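Full structure from sequences and hints, please.
Position one of the sequence shown corresponds to residue 0 (numbering that gives the first Met the number 0), numbered consecutively onward.
Treat the hints with care, since some could be wrong.
Cut-off 16 angstroms, straight-line C-alpha distance, at most; resulting in silico cross-link-like pairs (EDC-like, lysine to aspartate or glutamate) [said to hold, decoys possible]:
1. LYS18 with GLU37
2. LYS163 with GLU1
3. LYS210 with GLU1
4. LYS25 with GLU82
5. LYS215 with GLU1
6. LYS3 with GLU211
7. LYS210 with ASP195
8. LYS142 with GLU156
9. LYS69 with GLU31
10. LYS75 with GLU30
11. LYS163 with ASP195
12. LYS3 with ASP161
13. LYS142 with ASP47
14. LYS18 with GLU38
15. LYS203 with GLU102
16. LYS125 with GLU30
17. LYS69 with GLU30
18. LYS125 with GLU82
19. LYS3 with ASP133
20. LYS25 with ASP53
21. LYS29 with ASP53
22. LYS18 with ASP86
23. LYS3 with ASP86
24. LYS18 with ASP36
These are computed hints drawn from the structure, not numbers from a lab.
Bear in mind the structure is a predicted one, so any value in this text is a computation, not a measurement.
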Amino acid sequence: MEIKAVLFDLDGVIADTAKFHFIAWKSIAKEEGIDIDEEFNEQLKGVDRVLSFDRILAHGNITSLTEDEKEYYRTKKNNLYKELLKDLTPQDVLPGILALFNELIDNNIKIAIASISQNAPYILEKLNLLDKIDCIADPRTVKHSKPAPDIFLKAAELTGVDIKNCVAIEDAQAGIEAINRAGIFSVGVGNLVDADLLVDSTSKLNLDSIKESFKKQ
0 MEIKAVLFDL
10 DGVIADTAKF
20 HFIAWKSIAK
30 EEGIDIDEEF
40 NEQLKGVDRV
50 LSFDRILAHG
60 NITSLTEDEK
70 EYYRTKKNNL
80 YKELLKDLTP
90 QDVLPGILAL
100 FNELIDNNIK
110 IAIASISQNA
120 PYILEKLNLL
130 DKIDCIADPR
140 TVKHSKPAPD
150 IFLKAAELTG
160 VDIKNCVAIE
170 DAQAGIEAIN
180 RAGIFSVGVG
190 NLVDADLLVD
200 STSKLNLDSI
210 KESFKKQ
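Written out as structure tokens, the structure reads:
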């Protein structure tokens, strides 16, 4: 088998936008008298806005909010997040990612984005990477968020490549679970479990090492 497409998560894999999510959620949580720290924030990585806010409310034992009030806070959080993203530049691309993108392009391997973020096109444009991407899976078109496999299956479908010829890269445990449930070769970045290939940082990602592990499956 050969690799014909690589599917990328965005936050924490291509750029460290996870810190902006944390700042925005912390501000929203504070309005309801809830304090969240970076350790708790690990529970929010790789999951969508709805589930993230539900986890924050559960953490603060808040059960009185209506669905309209929840949506108000979720929208406010996204607006705060987008405001923070305005300062994003190509220098915020994580180490090794641009080189990996160029390797994939040189080898005619498709690049797809499988992110739960609806802001993915805007982020990629700010990072000056949009023209390198073949397709972006829109999270609004899938029924279930990570750890369900839907977003990765959609990204693979958009590339036109069979899942057995795909690789997917994630930095969140929910994302690794989603990739594995999709039946796709999983590459984990950071302190994760159950990835087919694990690296400690994006700087260690390169096509040769991914190919070597992929052939061993």
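Evaluation of the provided hints:
Restraint check: the Cα-Cα separation between LYS18 and GLU37 comes to about 9 angstroms, which is no more than 16 angstroms; the hinted pair holds. Distance check on the hinted pair: LYS163 and GLU1 sit about 9 angstroms apart at the alpha-carbon level, within 16 angstroms; holds. A distance of roughly 8 angstroms separates the Cα atoms of LYS210 and GLU1; the hinted pair therefore holds under the 16 angstroms criterion. Proximity of LYS25 to GLU82 is assessed by CA-CA distance (about 15 angstroms); at most 16 angstroms being required, the pair is judged to hold.
Between the alpha carbons of LYS215 and GLU1 the distance comes to roughly 11 angstroms, so the proposed pair stays at or under 16 angstroms and holds. As the CA atoms of LYS3 and GLU211 are separated by approximately 14 angstroms, the hinted pair is consistent with the 16 angstroms bound. Annotation: proposed proximity of LYS210 to ASP195 holds, straight-line Cα distance about 12 angstroms (limit 16 angstroms). Taken as a hint, the LYS142 and GLU156 pair is honoured in the structure, with Cα atoms around 15 angstroms apart against an allowance of 16 angstroms.
Taking the CA atoms of LYS69 and GLU31, the gap is about 11 angstroms. The hint holds against a cut of 16 angstroms. At roughly 11 angstroms between alpha-carbon atoms, LYS75 and GLU30 fall within 16 angstroms of each other, so this suggested pair holds. As the CA atoms of LYS163 and ASP195 are separated by approximately 13 angstroms, the hinted pair is consistent with the 16 angstroms bound. Restraint check: the Cα-Cα separation between LYS3 and ASP161 comes to about 8 angstroms, which is no more than 16 angstroms; the hinted pair holds.
For a cut-off of 16 angstroms, the pair hint linking LYS142 to ASP47 stands: about 12 angstroms separates their Cα positions. Taken as a hint, the LYS18 and GLU38 pair is honoured in the structure, with Cα atoms around 12 angstroms apart against an allowance of 16 angstroms. The straight-line distance between the Cα atoms of LYS203 and GLU102 is roughly 14 angstroms, inside the 16 angstroms bound, and the hint therefore holds. Of the pairs offered as hints, the one joining LYS125 and GLU30 is violated, with about 30 angstroms between alpha carbons and a cut-off of 16 angstroms exceeded.
Note on LYS69 and GLU30: the hinted pairing holds, with a Cα-Cα distance of about 12 angstroms set against a maximum of 16 angstroms. For the suggested pair LYS125 and GLU82, the alpha carbons sit about 13 angstroms apart, so the restraint of at most 16 angstroms is met. Our distance criterion of 16 angstroms between C-alpha atoms is met by LYS3 and ASP133, whose separation comes to about 12 angstroms. For the given pair, LYS25 sits about 14 angstroms from ASP53 by alpha-carbon distance, which is consistent with the 16 angstroms threshold.
Distance hint between LYS29 and ASP53 is fulfilled; the C-alpha atoms sit about 15 angstroms from each other, no more than 16 angstroms. Taken as a hint, the LYS18 and ASP86 pair is honoured in the structure, with Cα atoms around 13 angstroms apart against an allowance of 16 angstroms. Under the criterion of a C-alpha separation no larger than 16 angstroms, the hint pairing LYS3 with ASP86 is inconsistent with the structure, at around 34 angstroms. Proximity of LYS18 to ASP36 is assessed by CA-CA distance (about 12 angstroms); at most 16 angstroms being required, the pair is judged to hold.
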